[in-house]
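S.K.: Make a model of the complete structure from these sequences and hints.
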Amino acid sequence: MPNLSKHYTSGTVEKKWYDTWEEHKIFESRPDDREPYSIVIPPPNVTGVLHMGHMLNNSIQDILIRKARLDGKNACWVPGTDHASIATEAKVVNWLREQGIKKGDLSRDKFMEYAWEWTDKYGGIILKQLKKLGASCDWSRTAFTMDEVRSGQVIQAFVDLYQKDKLYRGLRMVNWDPEAQTVLSNEEVIHSEENSLLYHVRYPVEGTDEHLIIATTRPETILADTGVAIHPDDERYHHLKNMKVRIPIADRIVPVISDDYVEMEFGTGALKITPAHDVNDYEIGQRHELEVIDIFEDDATINDLGLHYKGLDRFEARKKIVKELEEKGFLVKTEDYSNSVGRSERTGAVVEPKLSLQWYVDMKSLAAPALDAVMTDEVRFFPSNMKNTYKHWMSNIRDWCISRQLWWGHRIPAWYYEDQIFVATTAEEALEQAQKAFPDQNLTASDLRQDEDVLDTWFSSWLWPFSVFDGMDGGDEVDYYYPTATLVTGWDIIFLWVARMVMAGYEWKGEKPFQQVYFTGMVRDKQRRKMSKSLGNSPDALELIEKFGADGVRFGLLSSSPAGGDLLFEEKLCEQGRNFCNKMWNGLRLIKGWTISSSTNSTSDKETIIREIALTWFEDKLKEQEDLIQKDFDEYRLSEAVMKLYNFIWNDFFSWLLEVVKPPYGDAIDQASYDRIIQIYENLMKLLHPFMPFVTEEIYQQLRLRKEGDFIATSSWPEGGECDTSMFDTMESIKALVTQIRDLRNKHQLKQKEPLDLYFAKSESTTNLLRQSGMKEILIKMAALGKVEQTTEAPKDLHASIVQGRIKAYLMLPGVDVEEERQKLEEELDYARGFVKKIESKLANERFVQNAPEAIVAKERKKLEDGKGRVAMLEESLEQLL
RNA sequence: GGGAGAUUAGCUCAGUUGGUUCAGAGCACCUGCCUUACAAGCAGGGGGUCACUGGUUCGAGUCCAGUAUCUCCCA
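Each residue of the first sequence is one higher than the one before, counting from 1 in full-length UniProt numbering.
Fair warning: there could be bad hints in the mix.
[As the list claims (entries may be wrong)] Straight line, CA to CA, 25 Å or less: simulated DMTMM-like cross-link-like pairs of lysine to aspartate or glutamate:
id: 1; residue 1: LYS73; residue 2: ASP710
id: 2; residue 1: LYS824; residue 2: GLU793
id: 3; residue 1: LYS73; residue 2: GLU708
id: 4; residue 1: LYS631; residue 2: GLU708
id: 5; residue 1: LYS707; residue 2: ASP138
id: 6; residue 1: LYS110; residue 2: ASP470
id: 7; residue 1: LYS762; residue 2: GLU624
id: 8; residue 1: LYS91; residue 2: ASP120
id: 9; residue 1: LYS572; residue 2: ASP451
id: 10; residue 1: LYS530; residue 2: ASP470
id: 11; residue 1: LYS662; residue 2: GLU754
id: 12; residue 1: LYS25; residue 2: GLU624
id: 13; residue 1: LYS781; residue 2: ASP729
id: 14; residue 1: LYS592; residue 2: ASP667
id: 15; residue 1: LYS753; residue 2: GLU612
id: 16; residue 1: LYS319; residue 2: GLU289
id: 17; residue 1: LYS73; residue 2: ASP479
id: 18; residue 1: LYS686; residue 2: ASP19
id: 19; residue 1: LYS436; residue 2: ASP710
id: 20; residue 1: LYS15; residue 2: GLU819
id: 21; residue 1: LYS735; residue 2: GLU624
id: 22; residue 1: LYS320; residue 2: ASP234
id: 23; residue 1: LYS583; residue 2: GLU659
id: 24; residue 1: LYS387; residue 2: GLU793
id: 25; residue 1: LYS364; residue 2: ASP492
id: 26; residue 1: LYS753; residue 2: ASP817
id: 27; residue 1: LYS310; residue 2: GLU326
id: 28; residue 1: LYS530; residue 2: GLU570
id: 29; residue 1: LYS387; residue 2: ASP313
id: 30; residue 1: LYS509; residue 2: ASP525
id: 31; residue 1: LYS859; residue 2: ASP724
id: 32; residue 1: LYS868; residue 2: GLU821
id: 33; residue 1: LYS631; residue 2: ASP566
id: 34; residue 1: LYS166; residue 2: GLU179
id: 35; residue 1: LYS323; residue 2: GLU206
id: 36; residue 1: LYS707; residue 2: ASP160
[What the hints assert, rightly or not] Pair by pair, the computed Cβ-Cβ distance ranges are:
id: 37; residue 1: ASP147; residue 2: LYS328; range: 55 to 63 Å
id: 38; residue 1: HIS7; residue 2: GLY815; range: 16 to 24 Å
id: 39; residue 1: ARG706; residue 2: ASN579; range: 24 to 32 Å
id: 40; residue 1: ASP492; residue 2: LYS364; range: 19 to 27 Å
To be clear, the hints were calculated from the coordinates, so they are not data collected in a lab.
Where a beta carbon is used, it is the ideal one built from N, C-alpha and C, also for glycine.
M.R.: Written out as structure tokens, the structure is:
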């Protein structure tokens with residue numbers, strides 16, 4: 001036996017093959033005559049580390065790209081990272097703070113130097129980790145959203161949209177993240193129900209003794225109130241129309257206005273209006289020309305307008321103001337309340353509505369072709385029900401706020417002079433424009449002021465499917481690879497990313513960015529909680545790989561993860577994958593341990609006959625599997641495909657076929673059979689390779705002597721083709737008989753190897769079964785039988801009856817209990833009679849016979865015949881017991 | 001408030017155009033085995049009124065309506 005260790009060692013094998021693959025550059029792709037199959041990676045955060053979601057997502061991409069490679073397509077998986085403005089800037093700011101440096105003390109240029117230093121230091125770690133997972137990316141194409149090529153296209157996109165009038169600067173209420181101190185797009189705000197308090201506050205009505213009671217969750221904004229609203233139809237407050245109220249604490253006198261936005265049923269039916277700090281209030285304020293008083297600094301502490309609360313954080317101020325309201329008799333009551341609170345996706349800070357001047361993309365002008373593409377399946381979604389979500393968002397689309405008050409990112413290419421805006425790819429061009437606009441003023445570069453803000457990171461990511469090919473302006477690469485084949489991503493970024501890529505694709509390439517989108521589910525823990533750092537419920541990705549091997553982890557992630565469905569992760573799944581590797585490894589050891597004889601003399605004829613029939617059967621089974629797996633790929637049922645392979649390899653190949661063809665101890669195996677077994681094993685490994693690349697490569701290399709540069713990774717997918725199913729039923733009957741015999745042994749506590757005699761009750765079925773060359777021998781070998789013969793009457797000695805389909809047999813068992821045997825037979829008979837009755841009534845129904853397709857009726861007749869035969873066999877056995 | 005989806009074995013999920021002995025898989029569980037590839041293993045076994053109620057149909061896990069429970073998205 002070759003020197004193969006008892007257990008499969010994933011660590012060394014995986015490193016060896018990844019290094020070898022890279023040395024041979026087999027993942028690199030250049031345009032050629034073949035059909036392209038390209039995937040662009042959803043770029044992870046440049047300074048991020050690999051987590052469970054990445055592993056799932058990238059395993060799926062790797063499966064697809066490896067399959068395409070085996071299919072002979074020109075497979076190109078482009079890796080890369082994104083600069084993640086908010087997250088990365090926050091990390092850099094923290095890093096600087098640890099060194100005692102404040103961002104505020106740095107110039108923009110100096111800060112960027114530090115940020116690049118940080119990026120160079122920690123950037124790309126995640127890409128190295130992807131290699132450990134087996135990701136077969138073309139690393140020579142690694143892109144970064146802020147590298148030169150990508151940046152140029154981002155700026156170009158901005159300028160182009162501005163020139164097409166699809167981009168504008170506007171004063172709007174925005175979502176302000178006070179922690180990151182930047183504006184956020186609507187999609188970056190996560191709304192959820194949170195427990196809070198509803199405060200009922202008394203507002204004195206001017207010139208009367210009355211009070212108007214107003215319910216609010218944000219009493220600190222009382223300081224910014226500039227009005228109070230009631231519903232025009234609300235009779236309770238009719239008399240207050242056109243009167244004024246006095247704001248508590250602020251002591252400001254403001255008007256009572258009527259507006260049908262007010263919900264009469266909510267709270268007291270009266271609403272305080274704070275135009276500076278609430279989206280709806282702002283609109284009401286606009287309608288009624290109310291003053292706008294902003295009481296917050298950018299970090300959400302109270303400013304000069306907040307009286308003696310100046311300098312306090314908003315939540316601190318809330319506590320204090322409630323106390324003051326209470327002391328001064330303004331607070332009527334406080335009740336528990338649950339309301340929707342928006343938080344920043346990146347920092348978790350409660351988002352503060354704020355009035356601000358920002359850049360927006362006019363989305364309505366981009367949405368139409370993008371909506372159409374998905375609804376007509378020009379871009380196919382898996383699972384398809386994501387189309388509904390997409391449609392809803394696209395049909396109610398709102399403009400996209402793309403400016404961010406950060407330094408890390410692409411600086412907005414807009415320059416200002418007085419009240420004029422000049423948008424251009426460079427400062428020089430902007431200056432030229434300005435000089436043309438103000439010919440008399442001798443403008444120089446220093447007269448123009450560039451916008452301080454950067455662009456939303458997604459404004460670079462939405463170009464990704466063509467920007468990675470430097471394809472904004474066309475070119476051979478983009479012509480060849482675009483549109484890409486499949487996008488694999490989580491459904492949580494369908495709006496942030498997927499929808500926008502489709503829009504950008506049509507806007508700049510006039511074509512969809514990808515053929516299909518495969519949405520993965522979220523990786524959750526057993527309690528269905530989303531895996532997150534803060535919960536600490538996420539296993540360390542690299543430790544997992546170390547423990548179970550990348551193949552094991554990939555198997556674990558894939559085996560229960562249908563498209564769009566969440567994955568409830570447990571280590572057990574990876575363990576199963578590792579065990580599977582070990583099983584295959586040991587199967588290899590078994591085969592490699594056999595001695596091969598060139599002459600047939602050294603193997604008994606019986607074994608040769610067995611092998612001939614078993615291998616022929618299995619080769620056809622394999623073809624059938626190949627077709628089934630291909631269908632699963634076509635429909636993106638990857639979980640099902642991998643589980644099919646798991647079952648087929650473990651149960652059909654190892655537990656059945658190899659046991660059948662295994663030479664008896666000490667015997668050799670004939671060369672012809674051996675070659676067929678190697679070929680089968682090789683094909684199985686090819687089918688499994690996309691899912692478990694390393695172990696399959698290792699086994700592929702061990703199965704035969706390979707030439708330098710011959711890899712399973714670049715081999716070809718086995719063709720399914722015609723398969724002869726004629727032997728399938730017979731083999732299943734044999735298997736079922738073997739199982740029944742083994743069960744009877746177990747129940748009678750007989751050793752598995754003690755030979756038992758078996759007599760078949762003579763019938764057409766049994767004659768047919770035994771006539772097929774080798775079937776009887778397989779039965780004898782697998783069930784460890786002695787004599788196997790046909791008989792016309794039941795044996796007189798103690799035996800157990802076996803009824804399998806239309807086959808009846810008697811297994812000679814010395815210790816069989818007659819009563820037990822009777823009971824068993826009676827139970828089976830009951831079931832069989834019930835079955836017959838059901839079919840009889842079905843066939844007695846004229847409408848069934850008339851309406852059902854002929855084939856179905858024929859099948860039912862066949863079922864009835866079989867069932868009746870079975871009843872007869874069981875009845876006969878029972879009689880013989882007496 | 002608007003919308004989407006789910007409910008099948010103890011758990012996680014398949015079940016494709018309504019039709020085969022259709023009620024499945026993996027894990028978990030139980031029994032027996034260290035059998036010369038594998039205890040990371042082998043052989044076998046038990047377990048479900050397909051959420052509930054009606055309807056369409058010759059026939060429903062599958063289609064329709066309602067009910068209950070749960071999940072998610074959007075505002």
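S.K.: Compare the structure with each hint and give your call.
M.R.: Verification of the supplied hints:
A hinted pair counts as satisfied when its Cα atoms are at most 25 Å apart, and LYS73 with ASP710 qualifies at roughly 17 Å. For a cut-off of 25 Å, the pair hint linking LYS824 to GLU793 stands: about 20 Å separates their Cα positions. Distance hint between LYS73 and GLU708 is fulfilled; the C-alpha atoms sit about 22 Å from each other, no more than 25 Å. For the suggested pair LYS631 and GLU708, the alpha carbons sit about 33 Å apart, so the restraint of at most 25 Å is broken.
The suggested pairing of LYS707 with ASP138 holds, with an alpha-carbon distance near 24 Å, which does not exceed 25 Å. Taking the CA atoms of LYS110 and ASP470, the gap is about 29 Å. The hint is violated against a cut of 25 Å. A hinted pair counts as satisfied when its Cα atoms are at most 25 Å apart, and LYS762 with GLU624 does not qualify at roughly 33 Å. A hinted pair counts as satisfied when its Cα atoms are at most 25 Å apart, and LYS91 with ASP120 qualifies at roughly 14 Å.
For the given pair, LYS572 sits about 53 Å from ASP451 by alpha-carbon distance, which is inconsistent with the 25 Å threshold. Taken as a hint, the LYS530 and ASP470 pair is broken in the structure, with Cα atoms around 36 Å apart against an allowance of 25 Å. Straight-line distance between C-alpha atoms of LYS662 and GLU754 comes to about 19 Å, which keeps the hinted pair within the 25 Å bound. Restraint check for LYS25 and GLU624: not satisfied, since their Cα atoms lie roughly 34 Å apart, outside the 25 Å limit.
Of the supplied pair hints, the one linking LYS781 and ASP729 holds, its CA atoms being roughly 19 Å apart against a limit of 25 Å. With a C-alpha separation of about 14 Å, the suggested pairing of LYS592 with ASP667 holds against the 25 Å cut-off. Pair hint LYS753 plus GLU612 holds up; C-alpha atoms about 24 Å apart against a cutoff of 25 Å. For the hint pairing LYS319 with GLU289, the CA-to-CA distance comes to about 31 Å; that exceeds 25 Å, so the pair is violated.
Taking the CA atoms of LYS73 and ASP479, the gap is about 16 Å. The hint holds against a cut of 25 Å. Distance hint between LYS686 and ASP19 is fulfilled; the C-alpha atoms sit about 20 Å from each other, no more than 25 Å. About 65 Å separates the Cα atoms of LYS436 and ASP710, which puts this hinted pair outside 25 Å; it is violated. The suggested pairing of LYS15 with GLU819 is violated, with an alpha-carbon distance near 62 Å, which exceeds 25 Å.
At roughly 18 Å between alpha-carbon atoms, LYS735 and GLU624 fall within 25 Å of each other, so this suggested pair holds. Of the pairs offered as hints, the one joining LYS320 and ASP234 is violated, with about 33 Å between alpha carbons and a cut-off of 25 Å exceeded. Proximity of LYS583 to GLU659 is assessed by CA-CA distance (about 14 Å); at most 25 Å being required, the pair is judged to hold. Under the criterion of a C-alpha separation no larger than 25 Å, the hint pairing LYS387 with GLU793 is inconsistent with the structure, at around 66 Å.
Between LYS364 and ASP492 the alpha-carbon distance is near 22 Å, which keeps this suggested pair within the 25 Å criterion. With a CA separation close to 21 Å, the supplied pair LYS753 and ASP817 stays within the 25 Å bound. Between LYS310 and GLU326 the alpha-carbon distance is near 20 Å, which keeps this suggested pair within the 25 Å criterion. The suggested pairing of LYS530 with GLU570 holds, with an alpha-carbon distance near 13 Å, which does not exceed 25 Å.
For a cut-off of 25 Å, the pair hint linking LYS387 to ASP313 is broken: about 43 Å separates their Cα positions. Taken as a hint, the LYS509 and ASP525 pair is broken in the structure, with Cα atoms around 41 Å apart against an allowance of 25 Å. For the given pair, LYS859 sits about 22 Å from ASP724 by alpha-carbon distance, which is consistent with the 25 Å threshold. Annotation: proposed proximity of LYS868 to GLU821 holds, straight-line Cα distance about 21 Å (limit 25 Å).
Restraint check for LYS631 and ASP566: satisfied, since their Cα atoms lie roughly 23 Å apart, inside the 25 Å limit. Among the hinted pairs, LYS166 with GLU179 is inconsistent with the structure: their alpha-carbon atoms are about 30 Å apart, more than 25 Å. Restraint check for LYS323 and GLU206: the C-alpha separation of about 24 Å stays at or below 25 Å, so the hint holds. For the proposed pair LYS707 and ASP160, the alpha carbon gap of about 53 Å is over 25 Å, so the pair is violated.
A beta carbon spacing of about 60 Å between ASP147 and LYS328 agrees with the range 55 to 63 Å that was offered as a hint. Range check, HIS7 to GLY815: about 40 Å between beta-carbon atoms, so the 16 to 24 Å window is missed. Between ARG706 and ASN579, the C-beta spacing of about 27 Å keeps the proposed range 24 to 32 Å intact. In this structure the supplied range 19 to 27 Å holds for ASP492 paired with LYS364, their Cβ-Cβ distance being about 24 Å.
The structure is inconsistent with the numbered hints 4, 6, 7, 9, 10, 12, 16, 19, 20, 22, 24, 29, 30, 34, 36, 38, although it conforms to all the rest.
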